[in-house]
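Asks: The listed protein sequences correspond, in order, to chains A and W. With the working numbering applied, the first sequence covers 1 to 353. With the working numbering applied, the second sequence covers 1001 to 1429.
I should point out that these hints are in silico values taken from the structure, not numbers from a laboratory. Honestly, I wouldn't trust all of these hints.
To spell it out: a stretch of chain A is covered by chain W in this simulated footprint if at least three of its residues, at any positions, have a beta carbon under 8 Å from a beta carbon of chain W; those stretches are [unchecked claim]:
#, stretch
1, 49-63
2, 216-229
3, 289-295
4, 313-319
Here the structure is a predicted model, which means the values were calculated and not measured. In this text, a Cβ means the ideal position worked out from N, Cα and C, and glycines have one as well.
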Amino acid sequence: MIHRECGVIKTTYRADMALYPLPLARVTVVVTVALLVAVPWLLPAKYLVWASLTGIAAIGAVGLNLLTGSAGLISLGHGAFLATGAYTAANMAARLHAPFWVALPAAGLVAAILGIVVGLPSRRVKGIYLAVATIAAQFITEWVINHVTWISGGAQATVSLPPPALGPIRIDTEAERYLLILAVAVVAVVVGLNFNRSRLGRAFVAVRDRDLAADVIGVEVGRTKLVAFAVSSAYAGVAGALWAYYLGVANYEMFTITVSIEYLSMVILGGLGSVVGSVYGAAFVTVLPLALRDLLERFRDLIPVGDVATFVAQLRLVLFGSLIIAFLVTEPEGLARLWRKVKDYFRLWPFRY
Amino acid sequence: MDRRTTRFRSSVGVLAAALVILLGAACGGSDGGNTTKSGSAGTKDAITVGALCPRTGPVEIIGTNLCVGFADYVELINSKGGLEGHEIKLVDIDYAYEVPKGVAAYEEMKRQGTVVIVCGGTPIALALNDRITADKIPCVTPGFGIAEATDGAKYPYQFPLAASYFSQAAAALDHVASEAKGKKVKVAFLHLDNPSGKEPLPVMEQLAREQGMELKTFAVPLPGLELGAQITDIVSRFQADWVVSHLFGRAPSVAIKGLKQAGFPLDHVISFVWGIAEPDIEAAGGFAAAEGYKGLQFTGVGQDFPVIKEIQQRYEARKLPLPVGLTKYSVYYDRGVFMAAVTLEGVRLALETGGEPVTGEKVKVGLESIKDFELGGLVPPLTTAPSDHEGGGFTQVVAVRDGKLVPITDWANPARDTVLALVKARNAG
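Can you build the whole structure from these sequences, using the hints too?
Replies: Right under this line is the structure:
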């Protein structure tokens, strides 16, 4: 009803090819970004932590979505790339005293190089077999970080980072950290949104849909797959580096296979192939356990069990799993599709079709 | 409208409603953590104490008993009028042994004004180190944590307050030496292949060298449920005389079963503090099957202590059933009671020396000035200092005998000089 597409006429190709052609969309985007920037002043400090963690997860999820959703290459090694980015940034910051704006791209670059190496099996194997190859990469990277003290900084495998600083501005408070993460996340999402419309993005989709046909029309399939791994790993490297800066420490137990599976679940829940969906998925998987815990705490006193706290903690896990299953049963194509169905409903309202 | 669309729309509606209620209730609430009910406390301000408890995840068997002990001790203190009249408010948040959830939980505790936190887990203690130092909130890690934090100079806000992995390594090798009585022995160090598992290696290597033992290390990849290869290696190839085991979670029981099956005498196995609890022995086939198995403790075992008996009486007074920690699984429960007691002792000293209002900085000073803290015999006398955040690192060896865990040595802290020298060397580097 409001989202009217009639009467919107473009006079240049450039205007027609814009990411958001409708005038309303421009307003929506500006308002959304303004709200996100205003979060530190709108919400209490506890939710800033949630928002920051969601932002970091969103960057990683967008990267994985480019690989799994757009290029169709299932990867369970995302945790390894996050770890690579985190330890690269940590070592550069701690040992070479590199500033934040050098360490972050460097982390992405090193992770991209690792991504190309890990992606080499994709030239031979597809689908589930590739997934297993990436699991191998995950465990190998974990082992390397654990055992190579040059990377891990000693038996504790923990490297401390100084707080990030952009020139003279030191990022110390929770709000400043959130805004930094938001800035990087906005760039990541915008690049992701435009990616699928670019030549490289279309090559990814072609490889995903029918790589033989793509090869016939001239897409270099092998090279495209490696580029997909490189780009996705670069995203993950940046996310991992941000995570390390956010926590102030890079610790190897933050990047286990569980993290890889969490990221894959974010992308699947959000909708494979949809960048905004990955952001929704990241928010879902990050915030829901924390919100569930809070909710259950408030009803603690009503639960007639001996050890309430343990019961509550374990009930949370059960509820989280059940909600994921419920969502996927309702809408297998993810949150993005769900949101689009809601939008379409209001677009046609009061008509039904 | 067809049935499929109707069904779809109703399920979306239900899910959306559920999510809205969830987020609304969660966001509307101001309290994010567990708080114990208070007893009769005075009109003074409450003091907030935080506990990062892993009640789910790989160490849930520890968290579900330890945290209950912690909460029960706090409840006991509150029922007696609080600490010097101040009610103790406990914020107990389960973080599932995952660092990001732990950081979120820490921020919540900070928001609620906690002055001291029990950081239940070495990874989270490491990850929070920078934050607690900047925010000046002490982090208590008895029996685990950062071994170098014994020296308070480099880690001013980390408090092991009980034998670190360095001290445990020294105690284990000392017991082996005393049992070996001068003979040259082969010692196998079985540990998890993660930072905590590898932490005691320098101490083990140095002491083994000094005492003329042949030491070989065997790393077990996480989560430590598959030890077949390492056990075969230890028993058949290396033919160890003694096994020093540094495992936790589900791994200790797997190790006991595996070593017994391979024919290795269990009374030549000595475990660090997190592998010698009743659940581990039960999972290994019961007390009869694990006869002879030895381990280190930094707290007493069982219910024969005044403070434990007081807590049992509190349960009877409140007409509640006793938790399993007060009947069967005493090891972790007693450690929880000790952790609560020593933390509150630090708070009490903070009140004494710094006065009100209590802040994290004052609690740090309080925790550094504990003198001869015994808790009615539950722990050896603990004395801390700014240069000794460990308080001596005392342990005792217990063994499985006749269906119970029986202490077979006195409280001791052998090779203390070596341990302290190593801590100093690592902090200087």
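Asks: Against the structure shown, which of the earlier numbered hints fail to hold, in ascending order?
Replies: 2
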